[in-house]
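Novice: Next come the chains, spelled out residue by residue.
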Amino acid sequence: MTADDRFDTRIDVQTYRPAAIKKAAYRVAERCTVRLEPSDSDEPILRFTFPPRTSDTAAAEAVRVFYQELLDEELRAQLHEETDALRSLILAHAFSRTDLLQR
Amino acid sequence: MNQLADTFRDRSAFAPSGPYRLLPARFSRLDDRRYVITNDVGEYVVLERPALQALLRHELQPGTPLYADLKSRHFLFDGESRVALDLLALKYRSRADRIADFTALHMFVVTLRCDHTCSYCQVSRQMEEKSRFDMSQAHADRAVEFVFRSPSPAIKIEFQGGEPLLNFDLIRHVVLRAESLNREHGRDLVFVIASNLTRLNDEILDFCKGHRIYFSTSLDGPADLHDERRALPRGSSYRAAVDGIQRIREALGPDAVAALMTTSPGSLPRVREIVDEYVKQGFHSIFLRSLSPYGFAVRTSLVRRYDVDDWVKFYVEGLRHIIDLNLSGYPMREEFAAILLQKMFAPVGNGYVDLQSPAGLGIAGIIYNYDGAIYASDEGRMLAEMGDHTFRLGHLDEDSFEEVMTSDTLVDLLKDSMLEGLPMCSDCAFMPYCGSDPVFHKATQGDVIGHKAFSSFCKKQMAVLRHLIALMEDDASARRVLQSWI
Ligand code: SF4
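Chains as they are written, first to last, in UniProt numbering: chain A, 1 to 103; chain B, 1 to 486.
If you're looking for bench data, these hints aren't it; they were derived computationally from the structure. Each statement offered as a hint is correct.
Mimicking DSSO-like on lysine-lysine, the simulated pairs with C-alpha atoms at most 30 Å apart in a straight line are:
{"#": "1", "chain 1": "B", "residue 1": "Lys209", "chain 2": "B", "residue 2": "Lys156"}
{"#": "2", "chain 1": "B", "residue 1": "Lys459", "chain 2": "B", "residue 2": "Lys313"}
{"#": "3", "chain 1": "B", "residue 1": "Lys460", "chain 2": "A", "residue 2": "Lys22"}
{"#": "4", "chain 1": "A", "residue 1": "Lys22", "chain 2": "B", "residue 2": "Lys459"}
{"#": "5", "chain 1": "B", "residue 1": "Lys156", "chain 2": "B", "residue 2": "Lys415"}
{"#": "6", "chain 1": "B", "residue 1": "Lys415", "chain 2": "A", "residue 2": "Lys22"}
{"#": "7", "chain 1": "B", "residue 1": "Lys91", "chain 2": "B", "residue 2": "Lys415"}
Quick caveat, the model's predicted, so the values are computed rather than measured.
Bound-form chain A, shown alone (with noise of 0.2 Å):
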């Protein structure tokens, strides 16, 4: 692979949320960008376009810590979808005998 040079994969969005992969997108910014684009079929195509004069072997691990990133991100939506109400609740708790008007 050279300086400018894009990579094209097709990714499932049943496996993948959209929002993850954005989340996982923005984290490896200073890598490579990625995008995802429609595509004819069911799978939407991520492009990932590296800065120029990537090597073979940076821009490989670019897409290696895209999709480590991406699995995490996964994860992460499913611990935020469990417990975001309860963060909520805790916050909500911890602010409601506060006495900051009086001060």
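We have chain A already, so just place chain B with the ligand on it with the hints.
Specialist: Chain B with the ligand only, in chain A's frame:
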């Protein structure tokens, strides 16, 4: 159901339906094998990926050590947990409580004049003789009024420059005025003079006795390293600093002076010598700091000459040396690690101005410039010297304390600095130990939030926190030393 309706469901709706229920948490990779999971009150557990997956899939077995650990640190609760939610709420509130007692640190730039010509100075120096760069007494009096408008029970007034001792008359005036007002207010009031100590004399030391005045000075390492960057047109800056440190200790006591080092490219291969210099000067504490991207440091391209990876290498080697010194019997604390460890283990965290969420801008510290302008932080003032006035909150001649503290400028900056809502930070396990640095991100990325994937601040935070957690997990003797700093 929308989020608001979710919030107001009966508590029974939150009871665990299966063997256990997850509590809010964030996780990040610690290394190739392990993850660290943290919660909003700063507890953490290190676990391998299969264990993390098992936790999230509700497959952990009650009765196992990991289950007990996760339960006692509030990552899950089960039918036997009676007070998990109340305890978490209480702990969260304790950690957030300091925000209500805002602005403990008030910095006065009593003059911009300086006798040094340091290449990395964060303050744009002015020639010594230009007294138009001194703060006026009227501005100083008005700033002292501001000081006592903040509700903080503890107040620190720090005198900065330039070289503040070049305008010692104004320092004396502010100290006496603040002490007189404090007879009515009864705050815990202390003063710090941040000085290069070249102008220290007996008259100054005599005044400092009995007024709770401390000194903070710069010591970058051995003489050649210190003098290389801190050019004093006549004489050695290193000599002035170490002689001054001795004189202050003799006159005011052993703890009346602290030293701060600044890392320059020349420091990077010499961290052990730097630490040893602090030992030689009798210090039991050192803050291994990175170079800030402000003032002359940027203009002279110093900040670009070394990368955050080089600094992390420098830091890791320095910390190892400090831990070894402790193990060999010399008590020595690395302050950056101590701040982060307190955020991890102390119930109320740590109030260090530069690592807060929301940022410490205005609410942890505020700075009154020599010309009466008010800035949200010292670095914000330095950015203004470079022409960027984002962090200017107002002027002592024009604005009241209330106007400054409720200004859109400050409130918007604070809103934008809450990590809980920032991309990447909101999902980061290190968030409870981290902070926002809007001035750094404005200086380096042109935006107060900053893209954390490109941020050397974020890279540094992650690297140091990963290193500290790994030491706590894997190295029993290092853990004992680190625990003694909390
Ligand atoms: S700045 Fe970086 S390390 Fe700190 S909370 Fe944000 S993502 Fe985490």
